[in-house]
Amino acid sequence: MAVFEYAPAPESRAIVNLKPSYGLFIDGEFVEGTETFKSISPASEEVLAEVANATEADVDRAVAAARRAYEKVWGPMSGAERAKYLFRIARLIQERSRELAVLESLDNGKPIRESRDVDLPLVAAHFFYYAGWADKLDHAGYGPNPKPHGVAGQIIPWNFPLLMLAWKIAPALAAGNTVVLKPAETTPLTALLFAEICQQADLPPGVVNIVTGAGATGAALVNHPDVDKVAFTGSTEVGRIIAKAVAGTKKKVTLELGGKAANIVFEDAAIDQAVEGIVNGIFFNQGHVCCAGSRLLVQESVADEVLESLKRRMATLRLGDPLDKNTDIGAINSAEQLARIKELTAAGSQEGAEVWSPPCELPARGFWFAPTIFTGVSQAHRIAREEIFGPVLSVLTFRTPAEAIEKANNTPYGLSAGIWTEKGSRILAVADQLRAGVVWANTFNKFDPTSPFGGYKESGYGREGGRHGLEAYLAH
Amino acid sequence: MPTKDSATKDSARLAVRKTYKLFIGGAFPRSESGRSYVVTDAKGQFVANASQASRKDARDAVLAARGAVAKWSGATAYNRGQILYRVAEMLEGRREQFVAELRAFGVSATAATLEVDAAIDRWVWYAGWSDKVAQVVGGANPVAGPFFNISAPEPTGVVALVAPREPALLGLVSVVAPAIVTGNTVVVIASEPRPTPAITLAEVLATSDLPGGVVNILTGSPAEIAPWLASHSDVNGLDLAGIEDAQLATDLEIAAADTLKRLVRPAAVDWTADPGLSRMTPFLETKTVWHPKSFEGAKGTAY
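As given, the protein sequences belong to chains A and B, one line each in that order. First residue of the first sequence? That's 10 in the working numbering, and the numbers climb one at a time after it. First residue of the second sequence? That's 4 in the working numbering, and the numbers climb one at a time after it.
Note that these hints are calculated values from the structure, not bench results. Given the structure is predicted, the values throughout are model-derived calculations rather than measurements. Where a beta carbon is used, it is the ideal one built from N, C-alpha and C, also for glycine. Some hints could be false.
SDA-like cross-link-like pairs, simulated, lysine to any residue; straight-line CA separation at most 20 Å [unchecked claim]:
hint, chain 1, residue 1, chain 2, residue 2
1, A, LYS93, B, THR289
2, A, LYS455, B, ASN82
3, A, LYS93, B, GLU157
Chain B side only, calculated, beta carbon under 8 Å to chain A, not exhaustive [claimed, not checked]:
hint, residue
4, GLY84
5, VAL127
6, GLY131
7, TRP132
8, ASP134
9, ARG168
10, TRP293
Just need the whole structure built from these sequences, with the hints factored in.
What follows is the structure, encoded as structure tokens:
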């Protein structure tokens, strides 16, 4: 059969007007930092912009601005007025969504199809959703007249830069807090564009402050004595450091950390549908997803059929230019992350698992990793226990539902899980037994602003999204 | 009236006046009866001829509302919220026009501005409820057995509303928005003495991506039209906010009882106050779904 090649379909980057350098966004204005670092495109290693590296003194100024804004403007403001600011921000995001999507793909390396069709619509929807809560907090189920905490220090990861910003800022502001947010070191640019959106919305100065930087900046924010609430999304390792850092203080904390989700395929599942779900579960966003379905648990009786179909499907995945509208798998976000993926996959082979990748040409420049599966994986293997955070799937098998549940729960993590079966009662019975914060049945990686998200066990605590997401930002 | 004002301010040009018609199924028909009635300002001066809706108009409006139920109730809550917020945006852009229309009835400049602003903000408030009301009034029920059990609200269907006579705009918005945000469609009888803002609001609704038939606006006499709506078999709910005659209210309740319509009785309401859930929940049904969590044997042994 003739194979038709795809012609390149690149999204134009002309819509993004990057400045050569960006300062910190403090008290409603961009101010120069004393130190700088560069943000690059992981697909080409091209320098996109120079960004300020916030020092402890910069963080202190940002927290002071947030405190002033909380006491003088945002705290006393009526919920209805706060709501209108958030609706404005939501609209501005919708209006500038193409620009934001292109910049997100440039800075992060994710396919434009995902930034355009998943990230940006969810970002706008998240602001819409929480805008509506700002004047309805009495109805949220946390008692009459719940109060904000004050100043929230928020640290977000690089895998969904703008979406994680929305998850943090929208509920915080709706509840009446002001924020100092630190974007990830490798993906600061859409947060800085968001700062411009705050200016366009005439958001009062100091309500949102953006401090770019790396771990030291984050530590300064977490440890700042005038921060009332810390919200972090990132690795379990850093989550533990933060939980220790706030010990003995009155700071409130929510942590959304790593995962090693089991995607369980029962023998009565619709196989083609399940294979699509497996592919989406692990290869969406290059597997840079804390809730990725990185462990496939497939019932022995259908394992061969599922694997054959999965391999066939993986061979059709297109890896390459994130701005190409046909691309399924973009660039790995950083050299550091690529090294970690390579280290863990090497361990997988050393420990005896069998590795397979479809034929896949990798671009010469930038950071890339072909979609990969390991079969013959045991529960003791590092690739079954540790979060790889890349396009790498570990396949295990089971014979009985009880064994599937046992294996699924055999992890220190507990963020998400997937169940594939045509039997509704089995879905609900298995879901009951899984120690995971989000369970997807016959679907995977679904997100909605109305739906709470967060983990059990060492995947963190607290929930983001939905009515439950307000709780982290309210004293009650 | 703005048209009069502009005519006197700029005497070189004669203003073009607007014909106030009904709003049914997204269109602006005159009353099929051919009737109209004179709307006057605070001093008894002529403002406009408003259409005087008939029984047939009411029935046409119910038909349009029923036809719109599937699409509107089937839209996502997010989508309905976006559209209600769009109504607020459109209303904001025509703020001056509404202030002028209210002032024509003798409402002071300050009071008219406050009323229009409150009406805009009310659309914003209800827009936010679209994807939250289910989270506040619905939820999982911990039944004593291996069953998944969840209750969720659904719209009741077509709701007939009698808007308060005053405040003409804020009162109208305060009965329409809570009924439609959850997915109902409505037929509303506007304030009889002050119907002009209602028809101007229809122009706002018609340009806000609200599907035709979701809101249908009749002008005329509630005493004449409401009984037909109260007894109509294809109307599921009835809000009597604007019925001031106690006997008429009782008669309408009795008529509504034949088809067991969900009912909101007339009451003294401060239309500027936070309405809470009070005008949404009367027109919601609660649906509870049961599903077993294990398909054979005892819990924990079979999946």
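Item to check | Violated constraints from the hint list, given by number and in increasing order | outcome: The structure breaks hints 1, 3, 9 and 10; every other hint is satisfied.
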